[in-house]
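Residue numbers (this note's numbering): 617 to 784.
No lab work stands behind these hints, which were simulated from the structure alone.
Positions of the beta carbon are idealized from the N, C-alpha and C atoms, including for glycine.
All the pointers check out, no bait thrown in.
Here are the computed lysine-lysine pairs in the DSBU-like style, where the Cα-Cα straight-line distance is at most 30 Å:
(1) K721 - K776
(2) K776 - K659
(3) K721 - K659
Quick list of the computed label-pair ranges, beta carbon to beta carbon:
(4) N678 - R624: 20 to 30 Å
(5) D656 - P695: 41 to 51 Å
(6) N678 - A707: 14 to 24 Å
(7) R624 - E692: 33 to 43 Å
(8) E626 - E684: 40 to 50 Å
(9) V636 - T662: 18 to 28 Å
(10) E673 - Y630: 14 to 24 Å
(11) D656 - G681: 31 to 41 Å
(12) D778 - Q689: 19 to 29 Å
(13) A699 - A663: 41 to 51 Å
(14) R752 - H691: 15 to 25 Å
(15) E657 - W702: 39 to 49 Å
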Amino acid sequence: MPLPPLVREEDEIYLTGQVVVPWYRTEKPSRMTVMNEEDDEGKRPTAPTPVQIAAFERTVANGAGLREPILQQFHEYVPELEAADWAGLEAFFQLTDVRLLPIEKDGIGYVGLVFSCFQFTHGYEHGVGIILHGDRIVHFGMAEEAETGEKAYIDAGLLKADEEEEEF
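Generate the whole structure from the sequences, applying the supplied hints.
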């Protein structure tokens with residue numbers, strides 16, 4: 617599946633577009649954010665890197681293999697979903713953001729998935745975030761953690777676990 621058309625809005629620093637991830641049913645397309653870092657001249661690239669493209673393609677292609685590990689993590693993290701099947705998960709959480717993070721480890725890029733819960737009575741108004749590295753779930757937790765990618769930086773050895781970055 618190719619990347620969707622990407623644009624950089626006037627007030628945005630990252631490239632964005634709309635994407636439908638075929639293995640996760642959502643009510644509307646998810647936002648894709650390509651989190652490029654500035655080059656030596658302070659400019660942001662106008663296209664995703666080959667590693668980011670490959671990470672996206674791998675995430676889309678390996679969806680069936682990601683279902684069970686993701687569902688298991690949701691069962692552990694969200695007690696209300698202990699007995700839910702995949703369709704129940706899709707109904708409870710919507711995949712709202714796919715983030716192609718600007719780092720790699722062993723030639724494989726990191727992808728952040730942000731799931732929002734539209735049933736605020738359960739207390740997940742901030743959503744859930746997953747960071748993937750290939751077929752591996754690096755981190756499962758709050759949406760903000762997948763949005764910033766901090767846990768990916770830690771996993772890649774670019775940031776110590778006790779350090780905090782002010783801005784990614």
